[in-house]
Every structure is written in structure tokens, then in C-alpha cells.
Amino acid sequence: MPMLRQFASRISALFKTRRLENDLDDEVRAHIELLTEENVRHGMPATVARYAALREFGGVDQAKEVYREQRGLPMVETLMQDIRYGLRMLAKSPGFTAIAVLTLALGIGANTAIFTLTYAVILRSLPVPSPGQLVRYTFRNGAQDIGLSGPAYDALRKQETVLTGLLAWSDAELAVEENGAVTRVNGAMLTGNGFRVLELRPFLGRFFGAADDVSGGGPNGYQALLGYNYWKDHFQGSPNIVGRPLTINGRSVTVIGVLPAGFEGLIAGERADIVLPLAFEEVINAPHPNRNHAGSFWLTVMGRLKATESVGTAEANLHATETAVRETADPRHIYLSGFFAPFHFGVESGRAGRSYMKVIYAQPLLVLAILVGLLLLLCCANTALLVLARLSSRSREFAVRSALGAPRRRLFRQVLSEVGLLAACGLGGGVYLGWVAALAMVAMLPAVGERPPIDVAPRAAILAFTAAISVLSALAAGLWPAWRASRVAPMLGLKQGDALSPSKRLGSWIVPAQVAVSVTLLAAATLLGGTFVRLLLEDSGFRSDGLVLADVDLRANKLTDAQATQTAQQLVEALENIPGVEAATAMTLPPLENAWSAGHYFSLGERGTVHSDMQTWGESISPGYFRAMGTRIVEGREPARGDVGGDRVCVLGSSAAAYFFPGVDPVGRFIYAGGGDPSKDGNSTVKQEDTWRVIGVAEDARFRSLRESPPRMLYQLARPGDLTTQFSLAVRSKSTASSAAAIREAFQRVAPTAVEPRIYTFNELVRAHLRTERMLMSLSLCFAAIALLLTGLGLYGLLARSVVLRTKEIGLRLALGASPRDALAQVIGQGLRLVLVGIGLGILGALGLTRLARGLLFRVQATDPLVLAIVVVALLGVALLACYLPARRAMRVDMMTALRYE
Amino acid sequence: MEPKSEVLPGTLDLLVLKTLESMGPQHGYGIARRIEQISENLLSMNQGTLYPALLRLTQKGWISAEWGLSDNKRRARFYTITPAGREQLAAETQNWERMSAMMARLLFGTE
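Note that the protein sequences, when read in sequence, are chains A and B. At position 609 of the first sequence the residue is numbered 609 (my numbering), and the sequence of numbers has no breaks. At position 19 of the second sequence the residue is numbered 19 (my numbering), and the sequence of numbers has no breaks.
Okay, chain A solo, but in the shape it has when bound (with noise of 0.2 Å):
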């Protein structure tokens, strides 16, 4: 208690400085008369008698400071004084400020944006009470983390007694109709116990419960909430909402309530506008739910641990119970031990819900991380550089200082204060670069027609981040120059002018270690930057130009898959009658989605060898695909309109021709579906509708991916009910504006009540594709550009600093015959070899690197000749335009002047 109100004393002592004075004053100056007074009765002559007084107290200034420390807080009042001191001699060198502040600024900002997505896309928590007891069941296979299916869930939920209840999620693409008019809205399912599991209060009205979790959704009928943001924005906020009825996916819904602010659902990053009960799910997904599939894996399912319990207990638990859970969700074991075999349930933190981007984007993020902490690095080099220039400039004031007696620490903590003041400023500015960069960065993100994933606005916890940084930050740019500025011997500065030069020892280490963080940067950024350039040329069998795509969802027009597939044809029927159109398809998935397709099929060899794959893409087109798509035919025919009724044909892509009838032409060959779907696969023999004539061949087209090699492609002539409500065009013609018109216009002849399609160019797709490179390889070279403007920055100060500083040595050389060249050579000799010694560090630094991002890099590799001459040539480049400019000065020194220099 008496340290608390004893440095409470302190405190409010900071506030009222000049009435303590006061009292000091008086207090010490009644002492004394009395004293004086005492030795007058004692019979002294009343001068003497004042001077035995103030003997007799003692040093009246020395009294009155020690009683001035103890009473206040020096600590801040000298740091005040610091402060106020620095912010004079920063205010008098604007252009040192600005530069130095500026360089902070830019690497600060740079963390903080990493960190924000960082913060995004793996740490921030669900905004429910106690996060910490969430945990989420998966069912994974490494890094591959698949949803549960219905069945499993349910098994799960009797199984598991660690939890307050299990709850299962899915996101949904929702068709809701708003006057006449059919937008998609991003929504959500959740079970009827979720809303009590996540502990959430809704904003508005009611959270629909299990009785409204049932098919048909209860006797009101379907029940639905909306998102917060979704009912500021769509419905102005109105609290009439509750209550009002919705159209969506054709059927009548009633809006109960409002989901409280924040909350936008269990995946980071997909924010759901609209939460239903689960079981509308038999609404969306007309006329084949998969609710109660034991083959699609497509929940998210999270529960609360009991106050007891732990991740620990929870996992035992799931283990103990796997088996029964199996087998009771897949009592025929076909998923679970079939396709699944490789899969495992496990349970982990639920605390950040669950987070796709995580998978996608944990590794760069972690390269990313990686490269700004190097660019911080080199941004207190390159400041902690500049100060000591500034302050050996500066080094008469502390010689003086010292020389008058200021203690080291006071000398010290002034040069520390001042480059506080510098992070400070530094810190405004990367705050608000950070976030600038964050929006940046976020924009890149997004796949085709989706809105950016991640929401960057500021939080305490990224301030927090930002402020811990700016210290380092200041710590690492400000001690050393603020230990060598104690260190001013007091004479030393008071006669030559100039002990503070950093340009002997430190540079010598300074520049190199810069250098190298340059050479690692520029190398990731080299590397990157190819892998993207060498992505964009790979040959991915299809070719872009005029051709665009269109994806296409009818479920809410209720149509069975025949009816679909008819639709299909008719548009692309309707889009081949427009003229200009070259070529039109429809097909299954669109490419480079990142989908998964695999189906199992076989082919009989000559001697009745069976060629089996369950990894095969099966593709459903229509005639115009392959020269719609550009994929061309190597061998054989593509299919044509009259193969439509007759029976099953198929066109293979290369690899997969080359792995069903390998040595022989598969032209008028058959392949057979082993099963596609297990679950109806009950007998050996092969039916007619399972069987495909193969009528041709094509080169491989990287469906799936750019990066991976091309799936065994099957491309099957769609008969009715093959498409389903939702698949996608694909139209050639001169340019892509006209093949999007084409398509807007066979939309408005064929379907016009349609939701209207996603339209994008196939190099959006692309582009959206490779939208992780595209942003590592910007960013990359963002970094390297600046890392290599601070190291040519940096060096450049070291020399001319050097030059100036030897310019009486280089006059005498001059003068005893040296000739300009020599000191030009001089100069540049001694940069460079700082450079190099740098560039072979950086070299290290960059194979390291290369290690960690294997992963993320394609047909590229740090010990590439091509990569290597890229590195070095930009950074000897800079190093010699660096060197150069000093140099010529030194070139220019005239030997009488510098002779007479002193």
C-alpha cells in the first residue's frame, strides 16, 4: 500500500509542479530564518549568523533537487524534457525527418498489413462469448480438410458426451427474388442447436431452434435471420423486418429476427447475409439433397466443450467412439473406408472457426512474414545510418554536453528519444500504410465475381501489433547510435568536429548485412515473379482469346436435370444463331476453379487386361466444346450435333488415352463408368448407358489447375439429365465483349426468369486464378524495389560521408602523383567490396528462403543461373550507381584545396 500511494504521490505531484515549488520555497526559507534567528539569541552579528545557517543546512540547491526527485517522477520529467529537446532538433533538420520517418513509416507498414491478413485470415476469434471452448470436428487428410457428411454428423452428435451440444454449418449460394428481380446472396445453414451452442443473443427478434430445424421447416413454414450488415444495407435497418416474408430459392420464407452485429458466421472470410435451418438445404439442393448422403462432405461442425472438458478429452473421446461413428454413418462402406480410406476425423480449436483461406493462405502469408521483417530490418539499418550521420554532424553539441557535465545515460537517453520520436511518427504512417496495403492486398484476392474475402479494418489488436513493432523498431534503429553518441570523448569533439563518422567499423557491417537482406528480398521477388510469368505462358490447352464463360444456376426455377440439360442446349443452340459467335458449350464445371472431379472408369485391353482409375475427370460438354475451349484434337473427331441421340461417344485428353489403351489407337474403342456412383453399383455388369465409344483425342487441358499436371480427362457427350441445374457456357468469338453480349442476349431469349449468370473472360479466370502469385509476386517486388533504393540509399551516405571525410588524404594522394582514376578505383573498391561480401550472405539467405517456399513456387529455383544473374546485376547495378556518385566527387578533389583543408 504505501509504494501504491507513494507513486500516486508522485503522479499528481507531475501536474502541480509550480505550486510545490512554492511550498519548497517557503518551507526551506523559514528553516533558515529560523536558524539564523537562534544563532542571533546566540549572539552573533546578524550576517554571520545567516551564513552558519545555511552551513549549518547544508547546500540549499543540492537539498532542493534531491527533494524535487523525490518528489515527482524524474524519469518522465526528464523524458519530457528529452522529448520536448528532440522535437526542437528534429523540427530543425525537415529533410533528415522526413527521410527517416519515411523509411519507418514503410516498413512498419508493411508488417502491419501482413499481420492484418494475417490477423484475418488465421487469429481473429469468432465474436461469441468464450471462443476458447469451440471446437471443430474435421475430417481430414493432411492438409486436405473436407466438411463432414450429414450422416456423420448425426452419428457423431449421439456419439460424442464431452460437449453443451454439436452444431453443423454450411455456407449457401442463396437465389432470393427482391421485385421481380433474382439476386445471389451469400448465405448460411446452421442446425437448430447452433444459435444456443454459439451462446449468441440475436440483434432483432428470435433465433429460429430445433423445432424449426425440420423439413418443411415447421408449421410456419421456413424461417429465416438475417445478417447485420445485410439488414443495414438491404432493408435500411427497418425494425419491421421481423416478420416480413422473403422469396428465396422459390420458396416462402419468413424473416424472425436479426443476427447480432459482428457476427458473420463460422467461416473466416464468407460472410453470411442470410441463416436458415439446415434442413432448407432439401430446398436448395432440389431434387437431390445431400443431407442425408453418406457421400458429400459439406458441414462444418462445431461444438462447446463442457467446462470440464478439453481438446484433449474431446479427441479421446472422438477416438473411442470413431469406429461406431463410421460405422453408423456409412453402414455400407463405401465412403468412409472407400474414396474417404485416407481420411481422418480429428477435433481442434474451434476458437477462429473454420478458415478455407488458411489452407490457401498460411505459407505465403508465412513467406510474407518473412520478407517484411526483413524489410523492417533493413529500415532500422538504413535509419539507425542516418541518425549517426545526423548526429556526427551534431557531435560539437555533445562533446559540449559532455564536457559540461551531462552523464553518458543523459546523452544516451536524448539520442534514444529522438529516434523514439522518429518510430512515433513512423507509427502514424505505417498505421495508415498498412492499412492502405491491407486494401491493396485484400482487392487481389477475390475468385471471379465474389466480393473480398477478408474485412481489413482496424482493431485493437493490430494497433497493439503496429505500437510493439514501432519500439523495436525504435530500439533497433536507436541504440546503437545512442551508445555511440555517449561515448563522444568531450575533447575529442571539441576539436576535431566530427567523432560521431560511421564510417569505419560500422559501416563495415551495416552495409553488407544490408546488402544481403536486399539480395534475399530481390531473389524471393525474382523468384516469385517467375513462377507467376511461368505460370501465365504454361501451356494450359486452352486458348483465351474472345472466349468467355458464364456460370449458370437454375435451381431456383425448380427444374428436374433433363429439364436442365435441355435448357443447356437450348441457350447453346440460341448462342451459336448469334451472329459472330464462333463457337458455344456447355459444360459440368468450368476449369481452373480448383474443383475436384473424380470418377471411377475402366477400359478392357487386348487380353483382358483391365485398366482401372477412380481419379478420372469425368466432363460433360456439348458439341461446340473443343473448338469453343480451343483444346485441339490430336487424333480422331470432336463430337457433332448428330452424335447427340445415338449412343454414348467420348473424346479423351491425352493422358488419360494414354492410361486406358496404352500402345493402341483408342479411336472406336469403349470405356466403361466402374460405378461413378458406388452407391448404385450393385452387379458386375456394365449397363449400355455406362459405356462410351471413343470418337477422339485431345491434347491435355490443365482443368484443375495451372500448377498440376492435367487430369485424365473424359469429355462425355451430355445426354438429358447428365447437366444439372448448375453449369456453366463457354462461348468463342472475335472479341470477348461480344461473346459476353452474345451470352447476355441467349440468357434474355431462353431463360430470361434465370438468376442471372456469373460472366467472366477466361483470362479473369486466369487471372483470378493465380490471384495468390499475382499478389506475392506484386508485393515481392514492392519489397525488393524498396530494399534496394535503402541499401543504394544507405551506401550512397556511407561513401560520400568517407569521401568527405578523407578528403585531405585523397588531395595528398593526388598530389604525391596518384591520379584521379586511382581515387575513383579507390572508392569504388571500397564500396564494392562491402557489396559483395553482402551479395554472398544474401545468396545464403536466399537459398534458405527457397526451402520455405517451395510450395508456392513453380519451375523456378534460387540456384538458376538466370535467377542468380538477375539478383546480382540489379544489385550490383544500384551498389555501382551508389558508388559512382561519391566517387567522382572524390575524382574531383582538388589537391591544393584539400591540402589546405585544415
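These are computed hints drawn from the structure, not numbers from a lab. Please note: incorrect hints may appear among the correct ones.
Said to hold, decoys possible - Partner residues aside, some chain B positions facing chain A, computed with beta carbon under 10 Å:
#	residue
1	His27
2	Gly28
3	Ala32
4	Tyr51
5	Leu55
6	Arg56
7	Thr58
8	Ser70
9	Asn72
10	Arg77
Stated by the list, open to error - Here are the simulated DSS-like pairs of lysine-lysine, each with C-alpha atoms no more than 30 Å apart in a straight line:
#	chain 1	residue 1	chain 2	residue 2
11	A	Lys358	A	Lys306
12	A	Lys16	B	Lys73
13	B	Lys73	B	Lys18
14	A	Lys64	A	Lys16
15	B	Lys60	A	Lys16
16	A	Lys64	B	Lys18
17	A	Lys64	B	Lys60
18	A	Lys306	A	Lys158
19	B	Lys18	B	Lys60
20	A	Lys64	B	Lys73
Treat the numbers as computed from the prediction; the structure is a model and nothing was measured. Glycine included, every Cβ here is placed at the ideal spot set by N, Cα and C.
Put chain B on the given structure of chain A with help from the hints.
What follows is chain B alone, placed relative to chain A:
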């Protein structure tokens, strides 16, 4: 004249508290006088060092201070010991007794 001894570190607080306990409210000059008298002028003390000690004790809440008029009608700050100060004094006194007994045993070997 005997050589004067320095005030032992840490004992000034104790001296001040004891003085205030036995004399009642005092101003700084009075406290200094009293300590000198008690020590029979054997204690050498810069009277100025008394003030930081008084401030420290005030901050800790062991003594309180208020302005008043001294004997010669001057404005002076009077210090009073607080209940917390009395407790502290008792504890310190005990401490001191233990310490001096120990020192005595150590130096003179008295059991």
C-alpha cells in the same frame, strides 16, 4: 570535542517518526533541533537532508503535513505522525532492537 558520527542509512526515518511521536506536531526546524539535542550534538546532519525524508514519509502516509504558524508567527509546515506511522514506528523499533542486540552479541560476545 568528540568526532561526530554520520546518520546511519535508513535511521533518519526512524528518528523523525520517534521525534514526532514523542513531541507531537513539529515543523522541520523543530524536528532537526530535537534530533540534535537528543544526540547531544554528536550526530552530524545537514539539516537540508531532512526535507526529502519528510516528503518520503508523507508520500508513504506515515506522517501528514499542514501549514500553520510557528512560534514567531511565520508560515511553517507542521508534520504529525499518522496511525500508520505509529505502526511503522513500532515495527521499526522492534527491528532496530533485534538488530542492535545481534550486533552487540557479534561484537562483544555477550550471551
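Hint by hint, here is what the structure shows:
1. For histidine 27(B), the interface hint holds, the least distance from its beta-carbon to any beta-carbon of chain A being 7 Å, beneath 10 Å.
2. With 10 Å as the threshold, the beta carbon of glycine 28(B) comes within range of chain A, its nearest partner Cβ sitting at about 5 Å, so the hint holds.
3. A hinted interface residue such as alanine 32(B) counts as satisfied when its beta carbon comes closer than 10 Å to some beta carbon of chain A; here the least separation is about 8 Å, so the hint holds.
4. Checking tyrosine 51(B) against chain A by beta carbon gives a least distance of about 5 Å; that is within 10 Å, so the hint holds.
5. With a least beta-carbon distance of about 5 Å to chain A, the hint placing leucine 55(B) at the interface is held under the 10 Å criterion.
6. Contact between arginine 56(B) and chain A, as hinted, is supported at the beta carbon level, the nearest pair being about 6 Å apart and thus within 10 Å.
7. Given hint, threonine 58(B) at the interface with chain A, holds; its Cβ is 8 Å from that chain's nearest Cβ, closer than 10 Å.
8. Restraint check, serine 70(B) versus chain A: the minimum CB separation of about 7 Å is within 10 Å; hint holds.
9. Given the 10 Å rule on beta carbons, the hint for asparagine 72(B) holds: about 7 Å separates it from the nearest Cβ of chain A.
10. Residue-level restraint check for arginine 77(B) holds (minimum Cβ-Cβ distance to chain A is 5 Å; threshold 10 Å).
11. Between the alpha carbons of lysine 358(A) and lysine 306(A) the distance comes to roughly 27 Å, so the proposed pair stays at or under 30 Å and holds.
12. At roughly 27 Å between alpha-carbon atoms, lysine 16(A) and lysine 73(B) fall within 30 Å of each other, so this suggested pair holds.
13. Between lysine 73(B) and lysine 18(B), the direct Cα distance comes to roughly 26 Å. Compliance with the 30 Å bound is thereby established for this hinted pair.
14. The suggested pairing of lysine 64(A) with lysine 16(A) holds, with an alpha-carbon distance near 16 Å, which does not exceed 30 Å.
15. Pair hint lysine 60(B) plus lysine 16(A) holds up; C-alpha atoms about 19 Å apart against a cutoff of 30 Å.
16. In summary, the hint linking lysine 64(A) to lysine 18(B) is supported, as the alpha carbons are separated by about 24 Å, within the 30 Å threshold.
17. Note on lysine 64(A) and lysine 60(B): the hinted pairing holds, with a Cα-Cα distance of about 19 Å set against a maximum of 30 Å.
18. A distance of roughly 16 Å separates the Cα atoms of lysine 306(A) and lysine 158(A); the hinted pair therefore holds under the 30 Å criterion.
19. For the hint linking lysine 18(B) to lysine 60(B), the alpha-carbon distance of about 16 Å falls within 30 Å, and the restraint holds.
20. A threshold of 30 Å between alpha carbons decides the hint, and for lysine 64(A) with lysine 73(B) the separation of about 24 Å falls inside it, so the pair holds.
Of the numbered hints stated above, none is contradicted by the structure.
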